[in-house]
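Protein chains in written order, with my numbering: chain A, 1 to 342; chain B, 1001 to 1342; chain C, 2001 to 2317; chain D, 3001 to 3317.
Check the hints yourself; a few may be wrong.
[What the hints assert, rightly or not] Restraint-style ranges between C-beta atoms, simulated for each label pair:
| hint | chain 1 | residue 1 | chain 2 | residue 2 | range |
| --- | --- | --- | --- | --- | --- |
| 1 | D | Thr3303 | A | Glu330 | 32 to 40 Å |
| 2 | D | Thr3248 | A | Ala254 | 51 to 59 Å |
| 3 | C | Thr2303 | B | Asp1185 | 44 to 52 Å |
| 4 | C | Ala2103 | D | Pro3179 | 38 to 46 Å |
[To be verified] Computed list of chain C residues with no C-beta within reach of chain B, every gap over 10 Å:
| hint | residue |
| --- | --- |
| 5 | Leu2255 |
| 6 | Met2259 |
| 7 | Arg2265 |
| 8 | Gly2283 |
| 9 | Glu2298 |
Derived from the structure by calculation, the hints contain no laboratory data. All residues carry an ideal CB built from backbone N, CA and C; glycine is no exception.
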Amino acid sequence: MPEPRVLTFREALREAMVEEMERDPSIFLMGEEVGHYNGAYKVSEGMLARFGEKRVIDTPIAETGFAGVGIGAAMVGLRPIIEFMTWNFSLVAADQLINNAAKLRYMSNGQFTLPIVFRGPGGAAHALAAQHSQALESLYAHVPGLKVVMPSTPADAKGLLKAAIRDDNPVVFIESEVMYALKGDVPAGEHVVPLGVADVKRPGRDVTLVAWSKMVHTALKAADVLTGEGIEAEVVDLRTLRPLDERAVLASVARTHRCVVVQEGWPFAGVAAELIALVAREGFDDLDAPPERVTNLDVPMPYARNLENVVLPSPERVVATVRRVLGLTEAPRRPAVAGRGR
Amino acid sequence: MPEPRVLTFREALREAMVEEMERDPSIFLMGEEVGHYNGAYKVSEGMLARFGEKRVIDTPIAETGFAGVGIGAAMVGLRPIIEFMTWNFSLVAADQLINNAAKLRYMSNGQFTLPIVFRGPGGAAHALAAQHSQALESLYAHVPGLKVVMPSTPADAKGLLKAAIRDDNPVVFIESEVMYALKGDVPAGEHVVPLGVADVKRPGRDVTLVAWSKMVHTALKAADVLTGEGIEAEVVDLRTLRPLDERAVLASVARTHRCVVVQEGWPFAGVAAELIALVAREGFDDLDAPPERVTNLDVPMPYARNLENVVLPSPERVVATVRRVLGLTEAPRRPAVAGRGR
Amino acid sequence: MDATLLLGLYRQMALCRRFEEAAAKAYSQGKVSGFLHLYVGQEAVAVGAISAAEPTDYVVATYREHAHYLARTGDARGAMAELFGKASGCSGGRGGSMHLFDAAHRMLGGWAIVGGHVPIAAGVAFASKYRDEKDVTLCFFGDGTANMGAFHEGLALAGLWKLPVVFICENNQYAMGTPLYRTLSVEDVAVRARGYPMESEIVNGDDVLEVREAVRHAVNRARRENLPIFIEAKTYRFRGHSVADPATYRSKEELRKWMERDPIRMLADRIQTLGIATEEQLGALDDEVKAQVQDAVEFAERTPAPEPDTVGEHVYA
Amino acid sequence: MDATLLLGLYRQMALCRRFEEAAAKAYSQGKVSGFLHLYVGQEAVAVGAISAAEPTDYVVATYREHAHYLARTGDARGAMAELFGKASGCSGGRGGSMHLFDAAHRMLGGWAIVGGHVPIAAGVAFASKYRDEKDVTLCFFGDGTANMGAFHEGLALAGLWKLPVVFICENNQYAMGTPLYRTLSVEDVAVRARGYPMESEIVNGDDVLEVREAVRHAVNRARRENLPIFIEAKTYRFRGHSVADPATYRSKEELRKWMERDPIRMLADRIQTLGIATEEQLGALDDEVKAQVQDAVEFAERTPAPEPDTVGEHVYA
Ligand SMILES: Cc1ncc(C[n+]2csc(CCOP(=O)(O)OP(=O)(O)O)c2C)c(N)n1
Ligand SMILES: Cc1ncc(C[n+]2csc(CCOP(=O)(O)OP(=O)(O)O)c2C)c(N)n1
Ligand SMILES: [Mg+2]
Ligand SMILES: [Mg+2]
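I would like the entire structure built from these sequences, with the hints used as guidance.
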C-alpha cells in the first residue's frame, strides 16, 4: 500500500474529478467559472488546461438552464458534474432537481438512469448574510429520487465524490466553503467510499453525537472539551444523508443511550429532526434521555459576525447540550431568543 | 349571533378574499387563470366580475415573475394574494419565496414588512403523477421568515385565510384540490382564525393524532374506526405549521401519553419528523410508547390509482399504527417496500 | 407528391385522432384517470415534424404528447395501457398521460412543468454534439411557455453553444383558458427567438406538409451546421385544455373557423385531389386505424395494474 | 451647462470612489467581512441614473450597490457602519455590503441572487401603477444577468403590463471572471429587450451626463406613458469582482485603456474645460468628501455591534 498523502479538501475533490474524468470520457464538468477562472473556489483549478473546453465548460449565469442541460445529457448517457457556485443559487434551479432529476427514473418506469452529480459549497462561510449562508441539505434530503452526500474530511471528500460520480442516480453533493483548505490524509491509489455508509469519527461510550460535513468538526471539538470532564462522546459522521445509514446511528445510540444531533441549518423539519424521530422510534428503549439537537437558530443569517456566531452551532452549545442530556445541568433547553433554535 | 351557513371549502376561501378585498383596496389577487377563467379550480369564481381587471389579475405562466412582482408590490405597501395554480409549480419560484420573501424583513432590519399571501392547492389529487402530486409544506415550513398555513375545514379555510391576508408576513397558504368541494358550517359575520393556534377536532384520551389539512380527515376516519375498538383518539389539527402551536400538541400528548403524526408527503425531514422531535424532547417523560408517524411512502407519486393508494396515508394505516403504538399488535413497523415510508 | 408519404402521414394523424377519441371515452368511463390533454386539431404539427426527423433523432415533449409518442413509436398499446395505469403501459403505469416515455425509440417524455423540459432538450442536444453524433433533438412546447424562465435559459444556452435542437412552438392560441394575446407582449412567439439569436420560421401548423418541410429543412441545418432553429406552428386545439375543460372561453364562431382547417380533413382533401386515394380508400385506412385503437383499448383493459408491492421500485437505479 | 449640477455629480461620484477605497482598506484590516463588491470605475452609471430620477422614484439594485445607496441617500455613515456590521448601519448590521436598504429614501436594496430582484422591481412599478402614483422604478443589474430566467420573466411582465420601470444594465464587460462575449450570444444585452418588447438605448456608461440624459428621458417617458424602457450602459469595473478577486483574467492593457475613460477624471476634465472649477477647487471638494468618508469610518468604528440577544428580532413583523 502506498503511503497516504496530505491533501486539502479542495485538492481531494479535484483529484476525484480528475481521476474519474481520465477514466471515463462521458464525464464532464459544467458550471459558472469552473474553466477559465479555475473555479470560484479553485476546486477545478487546472482542469480546463487538462481536459479542454469540451469537458470543462463555463456557463452563463443560468442555473435552471445548465442544471437542465445536465439532466438532458445524463438521460442519454453522459455523466455530468454540475457545479453550483454555491448551493444558495440552486434554489433558482430547484424545479430541475426536485421535479425533473428526482422523478425521471420513476416516471419512466426505470427506462432512464440519471447519472448526474450536482455539487458545490453549502452552508455559511463568514458574514455572507442571509442569501449566501444557507445550509439547504434538509430541503433536498426530503426528496426521494435524490441522494445527498456531505463529506467532512479530504479522504471522504475524494472517496465519496468518486462514488457519487459512479452512481447512476442524481446526487446532491454539498461541500463547505470554509473547509476547502482543510488538510488531511488521503489514501493513495484507488479510493472510493460507498454512499450510504456512516463512519464513526471518534469512539465514545457516554453520548452519541451525530453530525455531517462541517459539523463533524464542531462535534469533535465538543468531544475534546467533554473528555476533559470525563465524558466520552462518540462522533458518528453520517457522510450520506440520503440514503441514511440508520443502522450506524442506532448501533451507536444502543451503546451510549444518549444522542445529540449537530446540524447546521434551520431546525424546523431539518435532517436533525429526522434523526431524532429515528432514534426516538427505533431506539426508544435504549434511550436514557430525550434525544436533542443543536442547530442554527431559527433565523435568516445575519451579516454581523457576532450575530452569525450566535446563530451557528458552536462546540460550546454542543457541550452544554451534552451536559444537559447527561443530566449534569438544568440549563434552559432553548436559547433565550425570539427567533428560536434548538 | 347569526346562524352559520354551509359553504364549500372553495366558497369559504373566496368569501375570505372577497370580504378582505372589499375592506382594503390594497389587496389584489394575481395568478394564472384567476380572472377570466374564474380560477383553475374556481376558487376565484366571480371575482373578476366583482373587482375588475385591476384587482383580479391574470398572469402569463411565469411563477418567478409574478411571485417576484407580488414581493415588490408588498414591499411598498400593497397586500398581494398570489395564487399558484398548484404548489407544485411554486418550485420554479422557490428562490423568490425562500431567498427573497422570507429574508427581506430580516436583511433590512425590519424596515420592510411583506404582507403577502401565496396560496393554492397542494398535495395529491387523483392520479396526477409525480410532478403534480407533491405535498411541499415541509420544504417551506423549514424556512424562517415564512408562515405556513393549511386549513382542514371550510370554517378554518375562511378564518385562516382572512388572518393570513391581514398578517404582515409572507404566508404560504396551502389548500387541497380534493377538498375544494368539502362542505361545512362557516360562522356568519366576521370570522378570523388566528395563525399559530391548533384546534382539537376530536377529543380523546388514548392517543393523540396530529394532522393538518386533508390528513385531519384521514385521522378522523381512523378515530371513528378506533372508537369501535374502544380506543379514543384525540385529533389535533395544527392548522398552522409555522409558527407551530407546540403547546397544544404537548398538552394533548401529556393527556394521552401516545402520539401518531399523520402527514401527507415524504417522510424524510418532514414536518412529522419535527413533531416527533418535539414530542420526544418535551414530552419524553409523558410518553408510554415511541411517537410514530404515518406519511406517504418515500417515493415519487406513481400515476396508477392502485399504487397511489398505497403511497398515500390511509385511515387503515393510521389505525394499524395506533394499534401498534398501543401495544395491541406487533406488526412490522415499516411497510415492506423498497422505497421506504413510515 | 409521394403517395406513400401522404398516406403514411394521413394514417399517423388518424391514429392520433382515433387514439384520443378512444382515450376521452375511456376517461368518461372512469378507466383513465388524472389529467388528459388532447391534441385533437394539432396533429399536423407532431406528425409533420416527427416524420421529418430520423428515427434516431430525439423527441422531447410536454404533457400533451400522445401524438408525439404515437408518431414516434406507432405503439398505441403502450400508450393506451399507460393511460389506463397498467403495468404494460409504456411507463409501467407510473407516468400516465403526461409522462409517456420510450427510451428505445428516443421518445424522451412527457414533461408536465411548463418550460421545464426546454433546457433538458438542450442538454440532449448537448450530448449529441459532445459525442460527435449527428442526432438532432426536437423540442415541443406550447405558446404559453414563452414567458417562462426555463424557456429563456434553455434557448439562451442552445443559442450560445450552438446546439442541434429544433424548438417547435405549438401555438394553439391558448394556454389553458388564456388567449395568447393576453400574455404575449409581441405579435409572434418567434420574435423572442431573435434574442438568442436563432433563426425562426412561422408555419401553418394545420398543414402537415408545410410543417414537415420546415422541420425537415431545420433538422437538416441543425444536423449539418450544429445550431438551433426555432419554428412556430400556428394551430388550434379543438377540445378544452384537458378533457375536464369545457372551453367556454372561446366563441363557437372561432372554433368553427379553425375546424374548417382541420388538418386531417385538409390532408384527406389533398390526397383525393391528387388522386392518390379515394374517400373510400381513406375510409378503409381509417377503419384500420380504428381497429388498432380498439386493439389497444382491449390490451389496456385486459392487462394488469402494477403489483402494489412494486411501488418502491425505480426510485433509484 | 449647469455648474451646480456638474459639481454635484462630481461630488457624488467622488463620494462613491472614496467610500469604496476606505471600505477596501477596512476590509484589508479585517474590519469589514463577507463579500465586498466595488463599483470603482462604474460610478457614472448609478450617479447619473439616480440623479436623473426624482427622490421619490424607487431604486432597486444588486449586491454591488454602494454607489446606488450613496447616490440616493448621501448617507456614508449608514453604509459604512453596515459594512462594519454595526447596529447603526443602514440595515442594522444584518445586511452587510450586499443588502443596503433605506426605506425612507426608497432605496429598496441590495439583492444578492443574480436576476432575482428584476421581477421585484417590476412589482414595485406595478404598485405605483396600481395606486395611480407617478413614481418610476429604476432597476439596476449586470450584463451577466441577461441569461437568467428571472430577468426574462421580470422583463416579460413589465413589457406586457406596461409597468413604469427603467431597466438599467450595468454592462461592465464581465460577470465575475467571465467576459460577456463568452456568455451572451448576441452583440448587446439591449437586443434582448426587443422580445418583450421594450425600447432600448445603449449609452456610454462612463459619461455621467450621457447616462443622466438617457435616464432622464427614460424616466420621463416611463412616468408619462406608463411603460418600461431598457438602457444598457457600457462601462468597466476597475477592480476585481469582489475585493478577493485579483482579476487576472484580463490584460493590463485592457484595464489601462478603460482607465483612461475613468468617469470621474472625465467629468473633472469637463468641469475644468468649461471653467466651472479649477483643479484646486475640485481637490478641495475631494477633500471634503474624504472627510465625510473619514467621519463615516470613525462613526462605524465607534458605534456598537448589534446586541446578540436581538438576533431573533425582525424575522417576523
Ligand atoms: C410552471 C407551470 N405552471 C403552470 C402549470 C399549469 N399548466 C399546465 S398546462 C398550462 C398551459 C400551457 O399552455 P401552452 O404552453 O400554450 O401549452 P398547451 O397546453 O396549449 O399545449 C398550464 C398553465 C404547469 N404545468 N407548470
Ligand atoms: C443565481 C446566482 N448565481 C450565481 C451567483 C454568484 N454571482 C454573484 S455576482 C455574479 C456575477 C454577476 O455578473 P453581472 O450580472 O455582470 O454583475 P456584476 O457583478 O458585473 O456587476 C455571480 C455569478 C449569484 N449571486 N446568483
Ligand atoms: Mg397553447
Ligand atoms: Mg458584469
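Now for the hints, and whether the structure bears them out:
| no. | hint | verdict |
| --- | --- | --- |
| 1 | D:Thr3303 / A:Glu330: 32 to 40 Å | 38 Å, holds |
| 2 | D:Thr3248 / A:Ala254: 51 to 59 Å | 55 Å, holds |
| 3 | C:Thr2303 / B:Asp1185: 44 to 52 Å | 47 Å, holds |
| 4 | C:Ala2103 / D:Pro3179: 38 to 46 Å | 40 Å, holds |
| 5 | Leu2255 | 17 Å, holds |
| 6 | Met2259 | 22 Å, holds |
| 7 | Arg2265 | 30 Å, holds |
| 8 | Gly2283 | 35 Å, holds |
| 9 | Glu2298 | 19 Å, holds |
Of the hints listed earlier, there is not a single one the structure fails to meet.
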